[in-house]
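Asker: So the chains spell out like this:
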Amino acid sequence: GAVVSQHPSWVICKSGTSVKIECRSLDFQATTMFWYRQFPKQSLMLMATSNEGSKATYEQGVEKDKFLINHASLTLSTLTVTSAHPEDSSFYICSARDMTSGRGTGELFFGEGSRLTVL
Amino acid sequence: AQSVTQLGSHVSVSEGALVLLRCNYSSSVPPYLFWYVQYPNQGLQLLLKYTSAATLVKGINGFEAEFKKSETSFHLTKPSAHMSDAAEYFCAVGNQGGKLIFGQGTELSVKP
Chain A
14 GAVVSQHPSW VICKSGTSVK IECRSLDFQA TTMFWYRQFP KQSLMLMATS
64 NEGSKATYEQ GVEKDKFLIN HASLTLSTLT VTSAHPEDSS FYICSARDMT
114 SGRGTGELFF GEGSRLTVL
Chain B
1103 AQSVTQLGSH VSVSEGALVL LRCNYSSSVP PYLFWYVQYP NQGLQLLLKY
1153 TSAATLVKGI NGFEAEFKKS ETSFHLTKPS AHMSDAAEYF CAVGNQGGKL
1203 IFGQGTELSV KP
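Respectively, the protein sequence lines represent chains A and B. Its first residue numbered 14, the first sequence is counted upward by one per residue in our numbering. Its first residue numbered 1103, the second sequence is counted upward by one per residue in our numbering.
Any given hint might turn out to be false.
As the list claims (entries may be wrong) - Not everything, but these chain B residues come out facing chain A in the computed CB check (under 8 angstroms):
| # | residue |
| --- | --- |
| 1 | GLN1144 |
| 2 | GLY1145 |
| 3 | PHE1192 |
| 4 | LYS1201 |
| 5 | PHE1204 |
| 6 | GLY1205 |
| 7 | GLN1206 |
| 8 | THR1208 |
FYI, nobody ran anything at the bench for these hints, they're computed from the structure. A virtual CB, placed ideally from N, CA and C, is assigned to each residue, including glycine.
Please build the complete structure, drawing on both the sequences and the hints.
Answerer: Here you go:
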């Protein structure tokens, strides 16, 4: 089946630095990808919708200058956490929609997640 | 607007017993409904989905769910729990745009 890969799986960084997380669709093209954030023992909160070739759409309360999203190709979206602070520590998960599957949300695939720890 | 409520943040069953995880949704448009499973430090795996076809949906690993519009529910069941079913389960509601709204999650424990 379709696979979505995230890199890195784990990252530890110092406060004030920036961290980039990649989300790749390995065997399908995805014009739309979604970025979620998950705190320990909590649900996934949608952060933004990443659109290939255009600006990302951010959910209310998500700082777009803090969480930079770039969807440069049909198989890659990146999330950059800028000037990271300890409160940004979280599990970040992306999902990608397989455009070849047809209509609707029937074929959404999730990455394995990236755990960010900011010291 | 769409929302999902999962009743019970933690459910514990004995191995071989029935599993029932509850999910109620709210949606102003015909919903697409999903159940996902998450193991520790991993992403999400789709168990099953409802997209306006049959109301009884069968998924992987013996799970199934029934869409009940009158009750706005989409409860997940499995006749006989296995130890390997212990995980976090998320119900989600979505639309054609692909954006999903997740419930709070239910942690399933299976006792030997």
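Asker: Compare the structure with each hint and give your call.
Answerer: So, going through the hints one by one against the coordinates:
Hint status for GLN1144 (chain B) relative to chain A: holds, with the closest Cβ pair at about 6 angstroms, below 8 angstroms. Restraint check, GLY1145 (chain B) versus chain A: the minimum CB separation of about 4 angstroms is within 8 angstroms; hint holds. At about 7 angstroms, the closest approach between the beta carbon of PHE1192 (chain B) and any beta carbon in chain A falls short of 8 angstroms, and the interface hint on this residue holds. Interface restraint check: LYS1201 (chain B) against chain A, minimum CB-CB distance 6 angstroms, threshold 8 angstroms, status holds.
The beta carbon of PHE1204 (chain B) is positioned within 8 angstroms of a beta carbon in chain A (closest approach about 5 angstroms), and the interface hint is therefore held. With a cut of 8 angstroms, the hint placing GLY1205 (chain B) at the interface with chain A holds, because the nearest CB-to-CB distance is about 6 angstroms. Below 8 angstroms, beta-carbon pairs count as interface contacts, and GLN1206 (chain B) has one with chain A at about 5 angstroms; its hint therefore holds. Because the smallest distance between the Cβ of THR1208 (chain B) and any Cβ of chain A comes to about 10 angstroms, over 8 angstroms, the interface hint for this residue is violated.
Comparing the model with each earlier hint shows a violation of hint 8 alone; every other hint is respected.
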